[in-house]
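S.K.: What follows is each chain in one-letter form.
Number of protein chains: 6
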Amino acid sequence: MIWNKGRGTQVLNLLRPKTTVSAHCDLPCGVYDPAQARIEAESVKAICEKYAANEDPVFRARAIGIKEQRSQLVKEHLWVLWTDYFKPPHFEKYPQLHELFNKATKLAGGGGGTKSSMDVKTAEDLLAAIAEIDKIFWETKQA
Amino acid sequence: MIWNKGRGTQVLNLLRPKTTVSAHCDLPCGVYDPAQARIEAESVKAICEKYAANEDPVFRARAIGIKEQRSQLVKEHLWVLWTDYFKPPHFEKYPQLHELFNKATKLAGGGGGTKSSMDVKTAEDLLAAIAEIDKIFWETKQA
Amino acid sequence: MIWNKGRGTQVLNLLRPKTTVSAHCDLPCGVYDPAQARIEAESVKAICEKYAANEDPVFRARAIGIKEQRSQLVKEHLWVLWTDYFKPPHFEKYPQLHELFNKATKLAGGGGGTKSSMDVKTAEDLLAAIAEIDKIFWETKQA
Amino acid sequence: MIWNKGRGTQVLNLLRPKTTVSAHCDLPCGVYDPAQARIEAESVKAICEKYAANEDPVFRARAIGIKEQRSQLVKEHLWVLWTDYFKPPHFEKYPQLHELFNKATKLAGGGGGTKSSMDVKTAEDLLAAIAEIDKIFWETKQA
Amino acid sequence: MIWNKGRGTQVLNLLRPKTTVSAHCDLPCGVYDPAQARIEAESVKAICEKYAANEDPVFRARAIGIKEQRSQLVKEHLWVLWTDYFKPPHFEKYPQLHELFNKATKLAGGGGGTKSSMDVKTAEDLLAAIAEIDKIFWETKQA
Amino acid sequence: MIWNKGRGTQVLNLLRPKTTVSAHCDLPCGVYDPAQARIEAESVKAICEKYAANEDPVFRARAIGIKEQRSQLVKEHLWVLWTDYFKPPHFEKYPQLHELFNKATKLAGGGGGTKSSMDVKTAEDLLAAIAEIDKIFWETKQA
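Protein chains in written order, with my numbering: chain A, 1 to 143; chain B, 1 to 143; chain C, 1 to 143; chain D, 1 to 143; chain E, 1 to 143; chain F, 1 to 143.
No lab work stands behind these hints, which were simulated from the structure alone.
Do not take every clue at face value.
Same chains, same names: a pair is fine if it fits in one copy or spans any two.
To be verified - Simulated pairs of lysine-lysine, DSSO-like, Cα-Cα distance not exceeding 30 angstroms: (1) K141 / K93; (2) K121 / K103; (3) K87 / K103; (4) K93 / K50.
With the hints as extra help, turn the sequences into a complete structure.
M.R.: As structure tokens, then:
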């Protein structure tokens with residue numbers, strides 16, 4: 001999986017469009033960026049790793065609570081992209097997009113997603129789903 | 001001003017460290033990224049531009065309210081960096097850092113900052129201050 | 001469109017089905033109910049009506065701000081249903097469901113939806129979309 | 001106790017009164033509905049049941065945290081009814097109303113209410129108190 | 001009305017009672033203080049004064065939005081005192097307490113209270129009601 | 001350390017300075033008061049004490065979660081003072097002020113502060129830092 005890290009690999013960046021990313025509030029201002037969801041998901045993954053390495057009960061209780069919030073933020077950032085950024089022509093061109101977003105937000109939820117799971121693997125699956133969204137997002141920005 | 005755009009220029013990226021960005025929740029998880037403040041500030045700037053171009057009173061009332069929230073998010077993301085990411089050795093190495101953060105958060109506030117001003121220039125000043133913070137941030141990540 | 005007002009007469013209540021409604025928090029607790037989205041959308045509609053009838057500038061500024069929040073709540077309640085309640089078999093049985101939710105949440109948003117529009121008609125379109133979702137929801141509960 | 005489930009059968013809907021429910025935001029928009037408090041309280045009850053049936057420590061930690069939030073939402077929805085919907089003439093006609101609301105909100109709190117108790121019985125007492133409020137509410141709507 | 005400004009001179013502090021103030025979160029931690037409601041209400045009053053003195057439309061739109069939030073905080077702080085601090089024996093001893101709280105929270109609301117009114121006098125009435133609550137609160141703490 | 005409890009006796013009130021406290025929202029309204037941070041920090045301290053005295057696992061899980069929120073509120077109230085109340089001339093006159101705020105907000109955080117520590121001593125250190133800020137704050141108000 002190749003990420004767009006707020007940095008990314010050199011190769012990918014050389015090919016990237018230079019246009020400024022845009023729209024995420026619902027004015028809409030036109031500034032959207034999947035990096036917002038990705039940063040929260042990286043936090044979720046880091047929390048799972050730290051949880052596994054630390055058996056202190058206070059630390060673990062805090063980790064569970066904070067991971068809940070960060071997973072929620074992932075869901076919210078993804079929902080905004082799905083509803084506010086993507087338009088009917090995008091869904092026509094990428095027929096898998098609805099399911100991809102539905103799967104990704106479920107992966108950040110309580111029914112087996114990163115809210116309920118302490119498994120680093122679940123967080124990685126979430127990051128992979130966000131990466132797929134990110135790839136499509138940037139393709140549509142180029143179009 | 002050269003930005004780290006979630007993309008950045010090619011030249012800068014070639015020189016960038018490959019380490020993954022890290023810590024922003026207060027577990028702490030170790031994932032921090034000034035991109036969070038920058039994205040909100042870009043939104044603030046876009047709102048000012050759209051406000052200037054649209055005299056509809058409902059649009060303008062919404063723009064003022066949303067810009068207030070986005071400016072607040074800028075402040076919160078910056079405060080987290082200042083308190084949670086930066087440590088005493090950083091403040092020693094970068095003696096201007098306290099003032100820089102104080103100025104940047106004031107630039108997102110109500111006393112002449114982007115909360116009270118509709119001026120695109122104020123949003124650009126805020127973006128420039130965040131860019132300075134961003135530069136120092138990535139230097140400390142390399143160290 | 002006949003709404004399910006959350007209220008019947010005593011007589012009607014005696015005839016009511018006893019099945020418990022189910023899951024909306026992300027434990028998940030299993031209590032979901034489209035009434036949550038509908039109540040907020042009714043509030044949005046009432047705000048549009050009151051706005052049209054009152055030219056006081058303070059009242060109007062407040063109405064615009066409050067309608068923004070209530071529209072946001074509609075979006076959040078709908079997103080929770082889409083991601084957390086509905087499962088792959090539902091989407092198979094109701095292939096229009098993704099688009100219906102995407103359209104409904106856009107109708108509560110800023111790009112022509114109830115956040116940006118003061119038009120009672122827009123709020124009615126939103127209520128109609130929620131009613132469609134409500135119908136499918138209760139069909140799946142009975143299944 | 002007969003609840004008003006926010007859902008009847010098609011047949012029942014045909015017989016439903018057409019009066020619009022009314023006011024819950026503080027414009028005020030005039031849309032209030034005790035169903036909002038009830039749905040959250042049903043979630044609280046379901047969480048207590050699931051907690052009793054599942055000894056996994058991560059699940060239990062999450063349940064405690066989420067029940068705290070849902071109980072808080074019950075309190076907020078009830079406070080809004082007490083302050084914003086009910087007027088002096090209502091308090092005259094129903095002299096028990098102040099105590100009823102005070103008791104109901106305490107039942108959703110931390111001093112023996114559903115925030116601190118994992119007991120299903122406490123959640124049921126809360127639901128019963130909300131049902132009493134609901135009954136009075138709809139009487140005042142008919143008047 | 002003499003307020004309890006949260007501030008005395010050094011000399012006065014030496015004479016201050018040492019009793020610890022007490023409970024406001026819903027653990028409950030036992031720290032309550034009507035100063036929280038009062039500070040927000042003072043902010044509301046100051047906003048009304050500044051609004052009257054400044055006709056800039058952006059300033060006025062911001063003032064209306066911020067006053068809405070501060071009034072909401074007043075309501076929340078008062079509701080917490082009413083539900084969480086005050087117990088049945090207090091309500092017996094101060095039979096006016098329910099009405100006093102109901103009136104005070106209405107004074108911070110949208111139906112003629114400080115949310116809808118830009119009138120400094122309304123904010124002063126709110127402050128007077130909080131002062132009455134404050135007086136009773138401290139009597140009960142001494143008992 | 002003598003605290004400024006937000007409460008004196010009637011006699012003391014007669015002697016109280018009449019100056020109005022000032023600005024904490026970002027209009028700015030001009031009402032600031034370090035009492036807001038102090039009250040939350042006192043809550044944090046009380047939670048640590050109650051935690052130590054109660055081994056019930058549900059109580060302890062709730063205490064950890066609530067202390068997290070109250071510590072966050074301390075940070076937010078302090079950040080507002082640092083960014084919005086204090087101006088360049090204050091930082092010139094009190095050159096230790098930046099570090100004092102940075103230390104105080106770290107003391108309410110997750111890296112050894114009151115978010116991560118259950119130790120009453122940490123909460124006392126936080127209260128002492130707020131007391132230092134409070135002292136400087138009131139000196140600047142008198143100037």
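S.K.: Work down the list of hints and note, for each, if the structure agrees.
M.R.: Evaluation of the provided hints:
1. For the homomeric pair K141 and K93, the shortest alpha-carbon distance inside one copy (13 angstroms) is at most 30 angstroms, but the shortest distance between copies (33 angstroms) is not.
2. In this assembly of identical chains, K121 and K103 lie within 30 angstroms of each other by CA distance solely inside one copy; the values are 15 angstroms within and 33 angstroms between copies.
3. Taking CA atoms no more than 30 angstroms apart as the test, K87 paired with K103 passes in both settings, with 19 angstroms inside one copy and 10 angstroms between copies.
4. In this assembly of identical chains, K93 and K50 lie within 30 angstroms of each other by CA distance solely across copies; the values are 29 angstroms between and 40 angstroms within a copy.
Every hint, counting from the list given before, is met by this structure.
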